[in-house]
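S.K.: Here is how the chains run, residue by residue.
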Amino acid sequence: MTRVWLPRLIVRRLLVLIPLLLVVSIAIFGLLHLVPGGPVRALLGDKVATPQTTAAIRAYYHLDEPFLIQYWDWLQGVVQFNFGRSIRTSQLVTDAIRERIGLTGFLGFYGFLITACFGIPLGIIAALHRSSFVDQGIVALTVVGVSAPAFASGILLLYLFSIAIPLFPTFGPGVDFFDQLKHLTLPAIAMALSAVALIVTVTRAAMKEELQKDYVVSARARGVSAREIIFGYALRNALIPVTTVLGLVFVHMITGAVLVEVTFALPGIGSLLIDSIHAVDIPMVQGLVLVAAVFIVAVHLIIDILYAVVDPRVRFGRVSE
Amino acid sequence: MSVQPLTLRQNFVAVTQLRRRLPFLIWIALAVIFFVLLAVLFAEQLAPLSPNTQDLILRAKPPSAEHLLGTDQLGRDILSRLIFGARAAVIGPLLVAVGGFTIGIILGLSAGYLGGNTDSLIMRWVDLMYSLPGLLVTLVIVGIVGGGYPLAVLLLIIYFSPADTRIVRAEALKQRVLPYVEALRTLGIPRRQIIFRHLIVNVMPIIVSYIFLDFAFALVTLSALAYLGVGVPPGVPDWGRMLFENQTLIFANPWAAITPGIAIVVTAASMNLIGNWLFEVFAHRTEVRM
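First to last, the sequence lines map onto chains C and Z. Count the first sequence with this note's numbering and you get residues 1443 to 1763, in order. Count the second sequence with this note's numbering and you get residues 125 to 414, in order.
A few of these clues could be false.
To be verified - According to the in silico footprint, chain Z covers these stretches of chain C (three or more CB under 8 Å from chain Z):
#1 1542–1553
#2 1730–1738
Said to hold, decoys possible - Just a few of them, taken from the derived set where beta-carbon distance is under 7 Å, the chain C residues facing chain Z:
#3 Leu-1448
#4 Ile-1452
#5 Gly-1472
#6 Pro-1478
#7 Val-1586
#8 Ala-1594
#9 Leu-1598
#10 Leu-1599
#11 Tyr-1601
#12 His-1742
Hint data in this document are derived by calculation from the structure and do not stem from the laboratory. The structure displayed is predicted, hence computed values, not measured ones. Even for Gly, the Cβ is constructed at its ideal location relative to N, Cα and C.
Could you put the whole structure together from the sequences, leaning on the hints where they help?
M.R.: Rendered as C-alpha cells:
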C-alpha cells in the first residue's frame, strides 16, 4: 500500500491546486477592470478614443458581455498560451515573455545556487561553534543580510566591484554563457544576500536543536566519529526545515529579480513587469503575473513532494489519511 | 541537562563574551534609532537646505563644503533629502508593524486559545497568504489601481498579519496550558476577558520584540516599492526612491546613490538587532520565571 504513495500524493495536490489557480486567474483577469478609467481606456493605451476604436475594442475583447463570459473567453486563450498583444509595443505577450524569461531564469538559478552553497555551510559552521566569535560573526552578517534590500546591496556591490575595483562589468546581460556568468554575478549575489541570511538562520537553529537531541548523545556515547554524527545524523534531520525554506527562497527570487533587473538594467521579465506596470500595459502584466503564479504553485507542489520524500513521517501520515 | 559540542569552560567564556559584547552593539543600534528619530522630528532644523530646492547650476556634483554629500540630477542637496527621507522611512513601517500585529493579536490569540475550527480556519488563511510574494502583489495592485502610499501600507499590513498571527498563536498555545489560565477558568472569568486581558499581557513581550523585527522588514519592503516607483508621491523624499533617482549618478556623485542605501540598511539592521536582543532577553526571562 505504501508503494503507491507518490502518484497519489501528486494527484491529491493537483486537485487542490486547480481551483486555487482558477481563483488566482479570476483575480488576474479582474485587473483589467480595476484600472482607473475603465477597461476601454486601459486597452486603448495612447491611441485616440474615437467612437470607432472604442467600438472595435469593445467588440474585440467582448467587453459588452457579462464578466464571467469575458473571463471564459480570456481563459480559453490563456490555456493555449495566448495572452493577447502588449498595448505598449503591440508585441505578442507570449513572445515578449519567451524572449526575456531565459535571463531571469539564469539569474534566479544563479542566486539560488549561491544561497544554497553559502547558506547551508555557514549555518552548520555557526551551529558547531555556537556562541563563539565565528558564530557571532555569522549571526551579525545575517542581521546585515536581512536588512539589505536587493537594490541597496546591488548598488553597493556595483560601486565596490565595478567602479572602485573594476572586476565586473557595470551593466548588460552578456552574450555567451561565460560572459553572462560574469555579467550576472553581482546581480545574483545582491539577490541572494537576504536569502543567504535566511537560510543561515534556519540551518543554524535546526542544527543546534538536532545536536542537542538524545540520539546525538547516544551516538557520541557509542563512539561514533564527529564527522559521522554531524553529516550522517544531525544534518539529515536538520535539512527538513531547510528544504521548506529553500522552496520559499526560490519564490522570493522572483521579487529579487524584479529589483535587481532594475538596478543592473537587465532585460529580464522583472524589468518588463515594472515597465508594463508603469505603462498600464494590462495584457502584459496579466501574462507576467500568471506566469509567476504558475511558477509559485509549481514550486510549492515540488516542496510538498520533496518533503514527503525527505521525511517518511509525512509520507506515512498522508497515506493513512 | 543539555549536551552540546562545547565544553563547560567554552560555554562560560561564550556567555561572558555575549554579556560584554551584545550591549555594545545594542548601544550603537539605539544611537542610530535615536538619530533617525531626531531627523523625523526636527528635519526642518537639522537639514542644511530644503529637500526640494533645486540648484540647476550645481547638478550632480560631488561633495563640497556647501553640499556635504553633493547634489542630485536636479541640484537638490543629498544630505537634506536624506534627513527629510527619515519621515517616510519611519511612519510607514511603524504603521505596518503595529497594524500587522493588531490583526495578528486578534487572530492569533483566538486561534491559539480557542483551537478547533476557528484555529484551522485561521491557519488555513495564514498558510495561503504565506505562499504569496507580498511585495509583488502590492506592486501590481498599487501600480495598476493607483492609491499610492496609503494603499501600499494597507496591503503590507494585510501581508504582514499572517506571520504575526502565527507568532502570537504559538505563544498563546504555550500560555494556554499554564496554571494561571486554568485558575482564571475555574474562577469563571469569561473567555473574552481571559484572552484580551490576561493572555495578551503575557504574550506582549514577544510581540514587542517582533514589532522591531517587523519594522525592519517593512522598511526594507516599503523602500523596495518606492524604489520601483510605487508608493510615496513624487517630490516626497524617500530613501528607496532616492536610490532609484540617483543610481545613474554613480559615476558623477557616487554618494548620491550609495548613502540612501546605507541609510536603509543601517536603520533596518539597528531595528533587527534591537528586536533580536529583546527577544533573547524576554525568552530568557520567561524561562527563569517558570
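S.K.: Determine for every hint whether it applies to the structure shown.
M.R.: Consistency of the hints with the structure:
no.: 1; hint: 1542–1553; verdict: violated (count 0)
no.: 2; hint: 1730–1738; verdict: holds (count 3)
no.: 3; hint: Leu-1448; verdict: violated, 22 Å
no.: 4; hint: Ile-1452; verdict: violated, 18 Å
no.: 5; hint: Gly-1472; verdict: violated, 10 Å
no.: 6; hint: Pro-1478; verdict: holds, 5 Å
no.: 7; hint: Val-1586; verdict: holds, 6 Å
no.: 8; hint: Ala-1594; verdict: holds, 3 Å
no.: 9; hint: Leu-1598; verdict: holds, 6 Å
no.: 10; hint: Leu-1599; verdict: violated, 10 Å
no.: 11; hint: Tyr-1601; verdict: holds, 6 Å
no.: 12; hint: His-1742; verdict: holds, 6 Å
Checked against the numbered hints given earlier, the structure breaks hints 1, 3, 4, 5 and 10 and satisfies all the rest.
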